[in-house]
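Peer 1: This is what each chain is made of:
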Amino acid sequence: MAEEFFPNVNWDRMWEATLETLYMSAISVAATFVLGAILGLLLFLTSKGNIWENKPVNLVLSGFVNIFRSIPFIILIVLLIPFTKFIVGSMIGENAALPALIIGSAPFYARMVEIGLREIDKGVIEAAKSMGAKTTTIIWKVLLPESMPALVSGITVTAIALVSYTAMAGVIGAGGLGNLAYMEGFQRSRNDVTLMATIIILIIVFLIQFIGDFITRSLDKR
Amino acid sequence: MITIKKAKKIYPSKKGEVKAVDDVNLEVKEGEIFGVIGYSGAGKSTLIRMLNGLEIPTSGSVVVAGREVSRIKGAELRKARQEISMIFQHFNLLWSRTVAENIAFPLEIAGVPRAEREKRVKELISLVGLEGRGDAYPSQLSGGQKQRVGIARALANNPKVLLGDEATSALDPQTTDQILDLLVDINKRLGLTIVLITHEMHVIRKICHRVAVMEGGRIVETGPVLDVFKNPQQPITKRFVQQVTEPEETKETVDHLLTRYPHGRVVQLTFVGEGAEQPLITNLIREFPITVNIVQGKITQTQDGSYGTLFIHLDGEEGDLMRAIEYIGQHEVGVEVISHG
Chain D
1 MAEEFFPNVN WDRMWEATLE TLYMSAISVA ATFVLGAILG LLLFLTSKGN
51 IWENKPVNLV LSGFVNIFRS IPFIILIVLL IPFTKFIVGS MIGENAALPA
101 LIIGSAPFYA RMVEIGLREI DKGVIEAAKS MGAKTTTIIW KVLLPESMPA
151 LVSGITVTAI ALVSYTAMAG VIGAGGLGNL AYMEGFQRSR NDVTLMATII
201 ILIIVFLIQF IGDFITRSLD KR
Chain A
1 MITIKKAKKI YPSKKGEVKA VDDVNLEVKE GEIFGVIGYS GAGKSTLIRM
51 LNGLEIPTSG SVVVAGREVS RIKGAELRKA RQEISMIFQH FNLLWSRTVA
101 ENIAFPLEIA GVPRAEREKR VKELISLVGL EGRGDAYPSQ LSGGQKQRVG
151 IARALANNPK VLLGDEATSA LDPQTTDQIL DLLVDINKRL GLTIVLITHE
201 MHVIRKICHR VAVMEGGRIV ETGPVLDVFK NPQQPITKRF VQQVTEPEET
251 KETVDHLLTR YPHGRVVQLT FVGEGAEQPL ITNLIREFPI TVNIVQGKIT
301 QTQDGSYGTL FIHLDGEEGD LMRAIEYIGQ HEVGVEVISH G
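Going down the list, the sequences are from chains D and A.
Heads up: the first sequence begins at 1 in full-length UniProt numbering, then just goes up one per residue.
Heads up: the second sequence begins at 1 in full-length UniProt numbering, then just goes up one per residue.
If you are wondering where the hints come from, they were derived from the structure by calculation, not from laboratory data.
Treat the hints with caution; some may be incorrect.
Said to hold, decoys possible - Distance windows between CB atoms, simulated:
no.	chain 1	residue 1	chain 2	residue 2	range
1	D	Val205	A	Pro173	50 to 58 Å
2	A	Gly31	D	Glu126	57 to 65 Å
3	D	Arg222	A	Thr259	52 to 60 Å
4	D	Trp52	A	Lys14	22 to 30 Å
5	A	Gly111	D	Glu126	17 to 25 Å
Unchecked claim - Selected chain A positions facing chain D (in silico; Cβ < 7 Å):
no.	residue
6	Asn52
7	Ser96
8	Arg133
9	Tyr137
We put the CB at the ideal spot given by N, CA and C, even for glycine.
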């Protein structure tokens, strides 16, 4: 049945490519979550009226985030080639895609984190201060838990963007479903391969959305 | 317990300086419930935030429980804040935590071990009357219940001072009274000093021992609640006192009466403490050949005794009326003739 509709698909190769895509997405989502959260927290805390209010630092961070958020991903990969070679040692393979994926999406996520943190009731932060909480306590026990639904729904959106970034990175040579669809599907005019790769990517995206929505809903006690 | 000396808080603004708190001196005794009343923008929020170091005065000193809150910083200030807790108008609970976890939060901050924390949380939940609601989330509670959680949370570390920032202003009248009763109960049971700010005179008269009236960043009048009720000095104080002593539409009623009975006098009597318990009206009718018509009255309870106002209309011979009014004045009752008929 499957052979009939997808005569040119090499299923072992397809499965391998799927795992590569999942690997790139998972690592980059995890790294983006941590990096973006740190960056977002810094953006929030150094902004006006907050605990570490600091205009110069905020301006620098904000500028950095805006610049990296604005560069089209495909250009970012090319720009980062020397950096990637230095860090990973190669331009080929899944790991070579990671620096660009993380640097491309962390600033994007950082803005979402910042927005999530701004939605927290200022009174709650004041209450924690009035109880004698340290800043680290406020970060871990107030800011992060109180903004968690926003952080999770933000990382869901970012993860979906990352899956499509991996496909772009694949074209450059990072492997994964994007690479397969381009090399096997497009270059050799095997449309069934492209179609199958698309279907799998769609399934991954739907799953991420479903899981993300589920976690967001179960976290939100408001 | 609390001493504020020459405290000033000046904010720079585009239109020049804004004096939120202007040269305030204040003394609050241990175990006292002290109220600060004022309209919004009077500076009372800034003032109460100076007591736990959330606001640092531009000049002057604030000493609470032996610590100069206006000077200390860092770890010392955080330690002090565990002894000066605060409850808020909008409760400020963490929605991500259950009732029990919210109450445990200040204990976590203070580094209390888990087992002890759980025990203390149980005590506090029953102290504020929330048994069985420990696992509920704030969103599942009513306003009054949320404020009970706020109070339990504030009491967790056995503070010496409890600050109330408009703690009942977001509650309906019935719930307000329940929360105020709880505060009085805690004050009596734990000997806790309570300072609260409010714009409702009802709160002051119901639970406070002493009151300060704030206007434009200054304290314009201060004293025991009953004294302030008896003898308000400033126009703003008079307005606040009227909020609770005069039934609504008193002025309209009296005006109506004056036109309806052009003869005789409309008199406002004020009773304080025992004055309220004499059979004054009966004696008045027996002693003088006059008619007495009760127009309107209200008795108000404060922490230190009752305070009542009564509007009556007297009619009769001019000489008898004068003597009757003089007679009332001799009986520890305040008399004010509203207007001549």
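Peer 1: Less than 7 Å between beta-carbons is the criterion; does Tyr137/A satisfy it with respect to chain D?
Peer 2: Since chain D brings a Cβ to about 4 Å from Tyr137/A, closer than 7 Å, the hint holds.
Peer 1: Tell me if the beta carbons of Gly31/A and Glu126/D are separated by a distance inside 57 to 65 Å.
Peer 2: violated (27 Å)
Peer 1: Using 7 Å as the Cβ threshold, decide whether Asn52/A counts as touching chain D.
Peer 2: holds (5 Å)
Peer 1: Tell me if Ser96/A is really an interface residue toward chain D, meaning its C-beta lies closer than 7 Å to one of theirs.
Peer 2: holds (4 Å)
Peer 1: Look at the Cβ atoms of Gly111/A and Glu126/D and judge whether their distance stays inside 17 to 25 Å.
Peer 2: Because 21 Å falls inside the window, the suggested range holds.
Peer 1: Holds or violated: 52 to 60 Å for the Cβ distance of Arg222/D and Thr259/A?
Peer 2: holds (57 Å)
Peer 1: Note whether the CB distance of Trp52/D and Lys14/A lies within 22 to 30 Å or breaks it.
Peer 2: Hint holds: Cβ distance 25 Å, inside 22 to 30 Å.
Peer 1: Using 7 Å as the Cβ threshold, decide whether Arg133/A counts as touching chain D.
Peer 2: Given a least distance of 14 Å, the restraint on Arg133/A is violated.
Peer 1: Taking the CB of Val205/D and the CB of Pro173/A, does the distance hold inside 50 to 58 Å?
Peer 2: Distance hint for Val205/D, Pro173/A holds at roughly 54 Å.
In this structure, the earlier hints numbered 2 and 8 are contradicted, and the remaining ones agree with it.
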